[in-house]
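Sequences are here, hints too, so could you generate the full structure?
Those sequence lines, one after another, are chains A and B.
Residue numbering for the first sequence is 1 to 312, as defined by this note's numbering.
Residue numbering for the second sequence is 1 to 324, as defined by this note's numbering.
Just so you know, the hints here were simulated from the structure itself, not pulled from any lab data.
Check before you lean on any hint, since a few could be wrong.
As the list claims (entries may be wrong) - Stretch-level coverage of chain A by chain B, calculated; a stretch enters the list once three of its residues show a Cβ under 8 angstroms from a Cβ in chain B:
{"no.": "1", "region": "30-36"}
{"no.": "2", "region": "42-52"}
{"no.": "3", "region": "112-122"}
{"no.": "4", "region": "171-182"}
{"no.": "5", "region": "227-233"}
{"no.": "6", "region": "260-266"}
Cβ atoms here follow ideal geometry from the backbone N, Cα and C, with glycine treated the same way.
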Amino acid sequence: MMAERAARSTPAPLALRMRGLSDRAIAWLFIAPTMLLLLAINIFPLIWTVRLSFTNFRANRPNAEIVGVGIDHYVAILTDPDVWGPMQATAHFLFWTILLQTLIGFTLAYLIDRKFRGHGFWTTLILIPMMLSPAVVGNFWAFLYQPQIGLFNYIVSFATGIAPSSFEMLGSVKLAPWSIIIVDTWMWTPYVMLICLAGLRSIPDYIYEAAEVDRASAWRQFWSITLPMVLPFIMLAVLFRGIENFKMFDLVNLLTNGGPGSTTEVVSITLKREAFEKWRTGYSSALAIILFVAVFGLANIYVKALNAVKNR
Amino acid sequence: MSAILVPPKGLSTAHSVVEPTAFAKRLAATVVVLYAVLTLVPLVWIALTAIKSPPDSISYPPKVVFQPSIEGLCNLFTTRSRQTEEYLKSLPPPATVCDESARRNSMVVVSRSNYLPRFANSLVIAFGSTLLSVGLGVMAAYAFSRFKVPGKDDLMFFILSTRMMPPIAVAIPIYLMYRELGLSDTKLGMILLYSAVNVSLAVWLLKGFIDEIPREYEEAAMVDGYTRLQAFRKVVLPQATTGIVATAIFCLIFAWNEYAFAVLLTSGEAQTAPPFIPIIIGEGGQDWPAVAAGTMLFLIPILVFTVLLRRHLLRGITFGAVRK
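Set out below in structure tokens:
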């Protein structure tokens, strides 16, 4: 009643706000459920992980006495030379996938931007692999990689003359990392391509027209117009791929499971082995926290770059 | 397939004056077509393997021409057991095509396989989590778009950062927490988990879409006597339909494709198709035609969705950073 009378006697904008819930209340009412879900499923578990990382807890022995071990796990991880193996495997994987995907992706985008007839149709076809489930399709690549019967080995042998059973993509220490790089590149090059294409399409024609008037060579136009203007988009794509591939789990788990030995053991696989095979929950929690801090750092850079691209 | 032929709308702005030469175009077309054909070989191979008989699927050299077989599909949907010739002769004639195909290999169909229940789990979990994350996302996105929320940028960043966590790192405490709460290996548990992952994408994408709806629409409605909530329901939501649908499809694809959480946190009751398909085995190793058939059936919905989504693809994969 009070509110109604107040609403009638106040000027229009204020009256609007008085009826029903206030904007402030609605704002919190609308945001709260999302925050609750994230707190319950993300933040609470994260805090739990931090707590576990200071203990010797093992998830397969829930009734054993839990002893605090201080920062022992963190010290152990950061001083253990074996931890650098997975880090190196991850770095190798990151470096080559990003390099290949950027080079091939940009080249494809540049070619598609020549606007030959039917480019829309072919673009859509090229995009298909990135929409598919990496696990389900990656699993099938294990079949393509079979020596002798696998299509991949057969095509390589057809093209180079090497006997198809003379090399094993997944079983050899030398080739296994590349088998994963190839599948990841096959899957995610379209992603980089699509973002690069958006970058190329964002360059206004008049800049090229002005360059034509100035008689700048095609080469010159590419280096001083095309590339600098697409660069923020490439950076965005690289950051997205970087964060995703830092977390890489599904393809590696299905193709090599870290093997042979531990040649393709990226950090996610180490984490899985420690947490769900050796059940060293405390130790793996500490490793998870270290990884999370690293990804969070990356995420920070990523959001800044994202805003830079947005504000152009 | 004909729908794919339509070029994506957002991708076809034509340069006017600086037109590439005919030769440049032909060269570009050749390379792009070559790449597209090469990139589709693995997918074509999945489709071909799905209709091969097991011996054909592992022949050397790989067979491109072969007698199509339904054995892969039958093996995908059934479990079979080997029997003696005498026993097989004593049986009545086969009732289904799959019975018939099993008999030819001296086997009988024992029961249905777990593929359909796993596929159904995928459907329930993907749609359930999509509904929840888009529902929550559209509300949060509206609040972030229209109201002065203290610490808005920090909250938005917080929401995004939850997506950056490596799934394996989160899986450990989730595993423990779900064990305590009785949510281990339940569909509800997976729906909540996928919703939490997807809600970040939903909020970011939907905020972009809602930002594009002029505020004047709601203000006009409110002058006409609508409350804020009514204006949200009757003006903003209908205007944002396209954005909501696009966002929903992205959430659906993520939940449909997700593997890391599924393989670590589910094993039976709530297991989805991605962790199940790789472990389909026949006698003496993996049954590749059955795996291929399962893979193909699993991919078809995504192929349809990709075509539906193509106009919003770019926006979705960049969290709304690139909007064209």
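Checked hints:
no.	hint	verdict
1	30-36	holds (count 5)
2	42-52	holds (count 8)
3	112-122	holds (count 10)
4	171-182	violated (count 0)
5	227-233	violated (count 1)
6	260-266	violated (count 0)
Against the hints set out earlier in the document, violations occur for numbers 4, 5 and 6.
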